[in-house]
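Chemist: Sequence:
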Amino acid sequence: MVEKYTWLQRYQRLKELCGTLSSGNNLSEDEIREINLLFEIEEKNKRKQVLQCEDYKITYKDILLSSLRDENIYVLSKGTVENYYPPWTYADDKPSKAINACALLPDRESVLKISPLVNTHQDKDHDSEEKINEKTEFEIKKYLSLLNHKQMSQIYQFWVF
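Each residue of the sequence shown is one higher than the last, beginning at 1 in the working numbering.
Honestly, the hints are just simulated from the structure, not real lab data.
Idealized CB from N, CA, C, for every residue including glycine.
Any given hint could be a false lead.
[Said to hold, decoys possible] No more than 30 angstroms apart at the CA atoms, straight line, and that leaves these computed lysine-lysine pairs for DSSO-like: (1) Lys94 x Lys113; (2) Lys61 x Lys78; (3) Lys78 x Lys113; (4) Lys61 x Lys94; (5) Lys113 x Lys46; (6) Lys97 x Lys113; (7) Lys61 x Lys15; (8) Lys46 x Lys78; (9) Lys97 x Lys46; (10) Lys61 x Lys97; (11) Lys61 x Lys46; (12) Lys97 x Lys15; (13) Lys78 x Lys97; (14) Lys15 x Lys94; (15) Lys15 x Lys46.
[Said to hold, decoys possible] Just the calculated beta-carbon pair ranges, DEER-fashion: (16) Ser22 x Gln49: 27 to 35 angstroms; (17) Asn25 x Lys61: 43 to 51 angstroms; (18) Asn36 x Thr6: 12 to 20 angstroms; (19) Lys113 x Tyr60: 20 to 28 angstroms; (20) Lys113 x Gln49: 20 to 28 angstroms.
Put together the whole structure using the sequences plus the hints.
Modeler: Set out below in structure tokens:
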């Protein structure tokens, strides 16, 4: 019988195994294999690899994301916001890492080096290869500036946690 565990269940199990190690006990071969499988699943996630790889042009994904942007729904094409941080961004926690990333990316030019340009409007009369209103995925300041503090903190909590 094959069981599928949720991410939370796998995380809890990893915490248990870390507790075993920190209390001075050794892990069994099965427990070590269990830990390796946690990371193997992530490494074998081909769908995620393809979606994050910049070598592939996935036309329908780009059209879908563009259509969502037209409706003020912003989905990051690379996945989580952490995938956009410069590789040299370090911090002990997610909020600090986000603040450090912002400090390392002070202007549009620095953001352009790591963030893809996207169409903000898909026009059916234009060739799909033509670039229309290109912006980075983070140039949504006009939309975000309309939000109040409570809405912004809800977005922040959603992104960070």
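Chemist: Starting from the hint list further up, note which numbers the structure goes against and sort them upward.
Modeler: 7
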